[in-house]
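**Q** Spelled out from the first residue to the last, the chains are:
There are 2 protein chains.
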Amino acid sequence: MFITLEGPEGSGKSTHGRRLARWLQREGCRVLFTREPGGTILGRRLRRMLLDRRSGRIDPFVELCLYEASRALLVRRVIRPALKAGKVVLLDRFQDSTWVYQGWAGGTDLKLIEAIGRASTGGLEPRLTLLLDLPARRGLARVRHPNRMEAKPLSFHERVRKGYLHLSRRQPGRFRVIRADRPIEQVQQEIRKAVRRVLR
Amino acid sequence: MFITLEGPEGSGKSTHGRRLARWLQREGCRVLFTREPGGTILGRRLRRMLLDRRSGRIDPFVELCLYEASRALLVRRVIRPALKAGKVVLLDRFQDSTWVYQGWAGGTDLKLIEAIGRASTGGLEPRLTLLLDLPARRGLARVRHPNRMEAKPLSFHERVRKGYLHLSRRQPGRFRVIRADRPIEQVQQEIRKAVRRVLR
Chain A
1 MFITLEGPEG SGKSTHGRRL ARWLQREGCR VLFTREPGGT ILGRRLRRML LDRRSGRIDP
61 FVELCLYEAS RALLVRRVIR PALKAGKVVL LDRFQDSTWV YQGWAGGTDL KLIEAIGRAS
121 TGGLEPRLTL LLDLPARRGL ARVRHPNRME AKPLSFHERV RKGYLHLSRR QPGRFRVIRA
181 DRPIEQVQQE IRKAVRRVLR
Chain B
1001 MFITLEGPEG SGKSTHGRRL ARWLQREGCR VLFTREPGGT ILGRRLRRML LDRRSGRIDP
1061 FVELCLYEAS RALLVRRVIR PALKAGKVVL LDRFQDSTWV YQGWAGGTDL KLIEAIGRAS
1121 TGGLEPRLTL LLDLPARRGL ARVRHPNRME AKPLSFHERV RKGYLHLSRR QPGRFRVIRA
1181 DRPIEQVQQE IRKAVRRVLR
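Residue numbers (the working numbering), protein chains in the order written: chain A, 1 to 200; chain B, 1001 to 1200.
Treat the hints with care, since some could be wrong.
[What the hints assert, rightly or not] Example chain A residues on the side facing chain B (calculated, C-beta under 7 Å, incomplete): (1) 23; (2) 65; (3) 68; (4) 72; (5) 73; (6) 107; (7) 110; (8) 112; (9) 115.
Treat the hints as calculated values from the structure; they're not laboratory data. Given the structure is predicted, the values throughout are model-derived calculations rather than measurements. Even for Gly, the Cβ is constructed at its ideal location relative to N, Cα and C.
From just these sequences and the hints, can you work out the full model?
**A** Structure representation (structure tokens):
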């Protein structure tokens, strides 16, 4: 069972991911919760390059390559073995983030992103993608110390949100859109309901 | 005028590149000589990741992504501006290396590599590619402290050589194959002759 969390900056993916992981454990599941980029030594190094504001301007195509490198490693070394061992894998960001941030909002060719994505993921697709949706401005207002991606202009983050909503309409079977500008408990309850449905 | 040096490990690309650059300067050219991966801050960091033996096993697809990221930066920040300023750009490895090392020898899909390569280079092609060719075993014997790529098995390096020769037959107008298992002076003279021809 492979579940991903997606959404614009400040939508609460990590908070809700942590809570969801703890709840799943209480329900008796073995859970692996990790995030992208990261999860491997090389992935963490790439994460620092990508998110450190001192890296300065990095072209979306370069970002694309670094994210896909980190993803390919994570899939092969961490996700596949965990799924094979029967764990629920909960991932904070996956290929949809790249499609939206570097493609839809960043301007890199979407067909190229999809081709590279098929190679990096080896065709692995989440059973469920929880899209935590809220207006870009409200999400950014929650971010205290913006990293390199979060520090991009508001117009970029508005395109990110639109890209996600576009994707979710294209693949309604996989996506579950959850309004994230509500009290944490309410959002978490809706998340658990969606997860319970696919776990059955 | 954009010229690349290609060839298996130990074929003498950097030695001949340096000599060729000095000769071109004596002939009155303004020259930029650099190498891949590298040439930018992020590129040098990626170089360390890719070539450091302590990085351990890195899948060819992951290598592909990191090389293409480094290449895209180098093309945009270094090569294009230098060409625009009228310099002769001399580059130790370029897209052909990726096609051969990660594709032909490494097993990553060649069509995917070509698609990513078109994006990373923005369609920039060398006017001349000097392929320093020699048997893999003889090249490796020249390497004192093998890095992560050089430390791969002999069979890998034999596939690398064959891949290069295949490419050179596919694009005879761009490639000039130079037998590199001869005295340095002789190889360098043949290199200069090939370069003089395209500079005219």
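**Q** It remains to establish, for every hint, whether it holds in the given structure.
**A** Evaluated hints:
Checking residue 23 of chain A against chain B by beta carbon gives a least distance of about 33 Å; that is not within 7 Å, so the hint is violated. Restraint check, residue 65 of chain A versus chain B: the minimum CB separation of about 4 Å is within 7 Å; hint holds. The criterion of a C-beta within 7 Å of any C-beta in chain B is met by residue 68 of chain A, whose closest approach is roughly 5 Å, and the hint holds. Hint on residue 72 of chain A holds. Least Cβ distance to chain B is approximately 5 Å, under the 7 Å limit.
Contact between residue 73 of chain A and chain B, as hinted, is supported at the beta carbon level, the nearest pair being about 6 Å apart and thus within 7 Å. Here the hint on residue 107 of chain A is broken, as its CB sits about 12 Å from the closest CB of chain B, past 7 Å. Evaluation of the residue 110 of chain A hint against chain B yields a violated restraint, the C-beta minimum of about 12 Å exceeding 7 Å. Because the closest C-beta pair between residue 112 of chain A and chain B is about 6 Å apart, less than 7 Å, the hint holds.
Of the supplied interface hints, the one on residue 115 of chain A holds, with its beta-carbon coming within about 6 Å of a beta-carbon of chain B, less than 7 Å.
In this structure, the hints that do not hold are numbers 1, 6 and 7, in rising order.
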